[in-house]
Amino acid sequence: MNYNWNWHIFFEPNPTGAGTYLDMLVSGLWLTIKTALLAWVIALIFGTIIGILRSLPSRTASWIGFGYVEFFRNMPLLVQLFLWFFVLPELLPRAAGLWMKQLPNAPFWTAAIGVGLFMSARVAVQLAAGIASLPRGQKQAATALGLTTGQGYRYVLLPIAFRIILPPLTSEFLNTIKNTSVAITIGLIELTGQARAMQEFSFQVFEAFTAATVMYLAINIIVVTGMRFLERSLAIPGYITGK
Amino acid sequence: MFDNLDFDVIRRSLPYLFLDGMGFTLMLTGLSALGGLVFGTMIALMRLSSYRLMGRIAGLYVDFMRSLPLVLVIFWFYFLVPYIGQWLTGASRPIRVGAFTSSLVTFIMFEAAYFSEIMRAGIQSISKGQPAAASALGLTYAQSMRYIVLPQAFRNMLPVLLTQTIVLFQDTSLVYVLSIPDFLGAASKVAQRDGRLVEMYLFAALVYFVISCVASYGVRRLQARIAIVR
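Chains A and B supply the protein sequences, listed in that same order. Under this note's numbering, the first residue of the first sequence is numbered 1, with each subsequent residue one higher. Under this note's numbering, the first residue of the second sequence is numbered 1, with each subsequent residue one higher.
Hints are computed from structural coordinates only; laboratory data are not their basis. In this text, all values refer to a predicted model and were calculated from it rather than measured experimentally. Where a beta carbon is used, it is the ideal one built from N, C-alpha and C, also for glycine. Hints may be right or wrong, so weigh each one.
Claimed, not checked - Facing chain B, from chain A, some residues (calculated, C-beta under 8 Å): (1) Ala61; (2) Val87; (3) Ser181.
As the list claims (entries may be wrong) - Simulated coverage check for chain B against chain A, where a stretch passes if three residues somewhere in it have a Cβ under 8 Å from a Cβ of chain A: (4) 58-72; (5) 75-81; (6) 168-181; (7) 204-210.
Using the sequences and the accompanying hints, generate a full structural model.
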């Protein structure tokens with residue numbers, strides 16, 4: 001393989017004049033983490049609301065939940081980001097559209113919200129499945145104790161359902177982190193974007209991508225370890241496969 | 001709201017969008033799904049094999065691929081495939097690889113990791129009596145896999161495999177990062193040439209939406225039919 005390896009490239013100054021190539025990648029890593037965390041919060045909030053709607057006996061509620069999930073699941077994430085980034089500002093009233101376009105960090109907010117909503121549909125499906133997996137007696141007992149529907153969800157159904165779906169939620173969180181890289185297409189220079197930039201400036205393709213790969217693997221290992229710890233401490237003895 | 005939009009741009013570019021763009025997307029989806037299934041099944045068999053080392057290697061591959069974002073993998077293979085080609089053919093320089101070949105290799109290798117997990121679940125869902133009966137009949141391991149286990153595993157997992165293919169169909173839009181004219185790439189080219197971003201992206205979204213909706217409805221129907229048989 002006639003490729004000039006140069007692992008010292010990471011410590012050479014980058015062309016932006018601020019620090020080394022490694023600094024570039026690390027700043028990308030932070031942006032990936034920040035975007036993913038915000039997106040995950042959005043996904044959890046909207047996913048919970050829609051997941052509850054899907055589990056309610058009301059037909060209207062489950063139709064809304066169904067429509068929401070189908071809308072966000074049947075379009076590629078890339079297309080959804082384009083819709084939020086390029087299309088929405090044009091369709092809004094002039095002033096609002098202009099405000100959106102001039103927003104500082106527009107790619108960041110678009111990416112966080114776009115990825116968040118995209119993932120919220122998946123969270124909703126998981127949560128609805130989690131709630132459906134609870135024995136019917138749980139809901140009936142809550143009603144028998146005089147809890148309203150809202151209280152029943154708040155104090156009985158949701159706490160157990162979330163603990164049941166913790167393992168699939170872990171993979172959805174990992175997907176959220178990975179999906180932020182799609183925002184490279186709307187100009188968000190996160191980890192993959194910085195690796196690509198480094199490749200273009202330095203021509204050291206494989207070093208740049210190797211570094212990004214190692215960073216993604218590290219994030220994965222940290223998240224998986226953390227979630228496993230959380231799963232163990234939240235396991236309901238005798239209910240889930242608690243050890 | 002829609003006054004200054006010109007939806008005629010879609011009609012004018014229809015042949016390009018569908019013959020070139022959608023043709024590329026569907027071809028890439030189909031071949032990747034097929035290749036991913038073949039390699040995925042091989043990886044699943046490796047993972048379940050009694051040779052621990054083989055299982056370990058296959059497991060590492062799957063975990064590795066699944067922890068990387070597809071965009072990064074696309075970039076990796078885009079730059080790596082010419083070198084792999086050089087190594088395979090023994091050429092003196094990295095060979096030139098077309099956009100289609102490069103993305104096909106990427107998606108096959110990437111999807112194989114996901115398909116292998118599905119096939120592994122499928123193989124594990126077959127009751128132990130099946131391969132036991134096969135070896136009692138004198139079938140070798142290969143024959144028992146070929147005639148007994150894999151056909152049933154494939155059939156049980158067909159809805160999941162097809163759902164994964166729908167995901168794959170949506171994911172192929174990411175070749176956009178290499179400026180390859182798949183369906184979305186073609187729409188984007190027209191959009192930028194004519195300054196009609198709103199119309200083209202809305203149309204692209206609609207097309208993806210309709211195709212994915214119809215396909216997942218089909219999968220649900222199929223699932224219902226298979227469920228009765230079992």
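Status of the hint placing A:Ser181 at chain B (closest C-beta pair under 8 Å): With Cβ-Cβ at 4 Å, under 8 Å, it holds.
Chain A over the region 58-72 of chain B, status - at least 3 residues with CB closer than 8 Å: Held - the region 58-72 of chain B has 7 residues with a Cβ nearer than 8 Å to chain A, which meets the minimum of three.
Could you check if A:Ala61 really has its C-beta closer than 8 Å to a C-beta on chain B? violated, 21 Å
How does the region 204-210 of chain B fare against chain A when you require at least three residues with a CB closer than 8 Å, holds or violated? holds (count 4)
A:Val87 as an interface hint toward chain B, with CB separation required under 8 Å: holds, 5 Å
How about the region 75-81 of chain B: do at least three of its residues have a C-beta closer than 8 Å to a C-beta of chain A? holds (count 4)
Are there three or more residues in the region 168-181 of chain B whose C-beta lies within less than 8 Å of some C-beta in chain A? Coverage by chain A holds here, the residue count being 6 at a Cβ distance below 8 Å.
Checked against the numbered hints given earlier, this structure breaks only hint 1.
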